[in-house]
Every structure is written in structure tokens, then in C-alpha cells.
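Asker: Here's the letter readout for the chains.
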Amino acid sequence: MAVVSTESMPVQSEPDVVTVRRRVRDASARLGFSLVDQTKVVTAASELARNTIIYGGGGTLQMELLNGPRNGLRLIFEDKGPGIADIDLALRDGFTTGSGLGLGLGGAKRLVSDFEIASRLGEGTRVTITRWK
Amino acid sequence: MEKIPILRMGEFLLVTIQVDMHDRLAMTLQDDLTQMITVSEARGVLIDISSLEIVDSFIGRMLGNIAAMSRVLDAETVVVGMQPAVAITLVELGLSLSGVRTALNVDAGMELLRSSLNGSKVLYGSRVD
Numbered sequence: 235m236a237v238v239s240t241e242s243m244p245v246q247s248e249p250d251v252v253t254v255r256r257r258v259r260d261a262s263a264r265l266g267f268s269l270v271d272q273t274k275v276v277t278a279a280s281e282l283a284r285n286t287i288i289y290g291g292g293g294t295l296q297m298e299l300l301n302g303p304r305n306g307l308r309l310i311f312e313d314k315g316p317g318i319a320d321i322d323l324a325l326r327d328g329f330t331t332g333s334g335l336g337l338g339l340g341g342a343k344r345l346v347s348d349f350e351i352a353s354r355l356g357e358g359t360r361v362t363i364t365r366w367k
Numbered sequence: 088m089e090k091i092p093i094l095r096m097g098e099f100l101l102v103t104i105q106v107d108m109h110d111r112l113a114m115t116l117q118d119d120l121t122q123m124i125t126v127s128e129a130r131g132v133l134i135d136i137s138s139l140e141i142v143d144s145f146i147g148r149m150l151g152n153i154a155a156m157s158r159v160l161d162a163e164t165v166v167v168g169m170q171p172a173v174a175i176t177l178v179e180l181g182l183s184l185s186g187v188r189t190a191l192n193v194d195a196g197m198e199l200l201r202s203s204l205n206g207s208k209v210l211y212g213s214r215v216d
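Sequence order for the protein chains is H and A.
Residues in the first sequence are numbered consecutively from 235, following the numbering used here.
Residues in the second sequence are numbered consecutively from 88, following the numbering used here.
Hints are not guaranteed to be accurate.
[What the hints assert, rightly or not] To spell it out: a stretch of chain H is covered by chain A in this simulated footprint if at least three of its residues, at any positions, have a beta carbon under 8 Å from a beta carbon of chain A; those stretches are:
#: 1; segment: 253-259
#: 2; segment: 263-272
#: 3; segment: 305-316
[Unchecked claim] Just so you have them, the derived chain H footprint on chain A, three or more residues with Cβ under 8 Å:
#: 4; segment: 109-117
#: 5; segment: 136-143
#: 6; segment: 178-184
None of these hints come from the bench; they were simulated from the model.
Glycine is no exception: its CB is placed at the ideal position from the N, C-alpha and C atoms.
Hey, can you work out the whole structure from these sequences and the hints?
Answerer: Below you can see the structure in the form of C-alpha cells.
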């Protein structure tokens, strides 16, 4: 499997969420994803980008287009926020420390093929999702 | 500031969301709509989301809020035109939009609003008897 291209973008403010959605949409279309798969990965990206801003205080998205037996799109959201104390709890539907629905993390996980989360208290959070074609 | 236009058509308000919905715009629409319902004494709100390429949990929550707020203000809300890919994603995300009435397209949505309005008039009439 080869990383064909890597693109990095800021996830700092609300308008960035819209930009993230557009870029992810373009990339998934370029990889030949079906409309449903495009919609799923864009929706997951929207949830995670908003989390990065609200809970992580802003961060970055690294987007990797993967080429191999199957094409894929990998998105790495990284922030230097307070970190997540209990990841299992954070992934549970309906749990939120903010004012949302508590569907962001768990929902995003359901919409992609691979989901990884690494977080350290006081250092930040990195969420990596991959959707294969 | 960017705003989503709200059109008045008789007893109903029509909203077509055609822009990429960012969070603040969604909040503004929520406020504007409740304001308009009160001012215009509208009995129904039709929201066309056929141009929306995604509905995430934030937009989903906004649609739920609008439906709940308008119900309190004695107006029905119908969301129409959801793209199939959006519906599939929404359910997988974990959002069922419970409490939000939906219809396939604008025509079906208007029909639903009219019939529920007529239904409530008949109901009130029979109560007086």
C-alpha cells in the first residue's frame, strides 16, 4: 500500500469544518468512492473536525490518499487539547461533556472501516480513521 | 452576515437550504424561524434539504430543535427531500430524527402540512360540538 498524496489543513474554527468537508468530499470522489461511501466519510470527518475544535481547542487534519489492492482515504485529526480521560466512555452514544448529542465519536467510528484513537491527558488527542473503497 | 431566506406562503413558511451549512448559520436559522413563526402566525414550516450533501449530528440536532420549537408555537415542521445517501449515513451515525416529520419532496410535504392543519381544524370543530 502506498500513500499517493498527503495534504494537511488547519481545523481551528467553524469555517474550517466546511472546508474539511469539501476537501474530504473531493478526495473520496477522486478515489472512486460510491456516493454513499463519500457521504459516510464526509459525515465522519465533519463530526471529528467539530470535536477537534470544541473539545481539543483546534488542531490539524492530515489527509492521506492510499493506493493499493484497495484504494482508501485516511484522515488524522490531531489536537493539543486537554485529552480524553475515559476513551471508552467518550465513545459511548449519548455521552458528552459538551452540549452536543454525544454521537460524534461513536457515530464517526460506525461510518468508517478503521478507527483509532490515542489520547493523553494534558497533551492532546489523535483520531485516525480510514475508509476503504 | 450570511442568512438562509425564509419564504412565507399563506399559513406556511418555506425554507430551502442551499448553502453548505456551517454551525452558526444553523443556529441563526433556528432563531430566525421561531421569530418568523411568531410574527407571521404560521401554522407550518417546510424545510427542503435536497441540496444538503450531509446531515451530521449538529444539523440533525438543529432540525430536531426547529421541529420541537415550532410545535410549542403551534406549527408543524416537515423536512423534505433528504438524499438517500444522507438517510443511510444518518441512521448509521445513530440519528433517527425522531420527532421530525419527513416527506419525500416539497409536494408531499405541503400535502402533509395541509392535511394536518385541516385535521386539527376538524378536531377543534368537533370539540366545540
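Asker: Hint by hint, say whether it matches the structure.
Answerer: Structure-based check of all given hints:
no. : hint    : verdict
1   : 253-259 : holds (count 3)
2   : 263-272 : holds (count 3)
3   : 305-316 : violated (count 0)
4   : 109-117 : holds (count 3)
5   : 136-143 : holds (count 4)
6   : 178-184 : holds (count 4)
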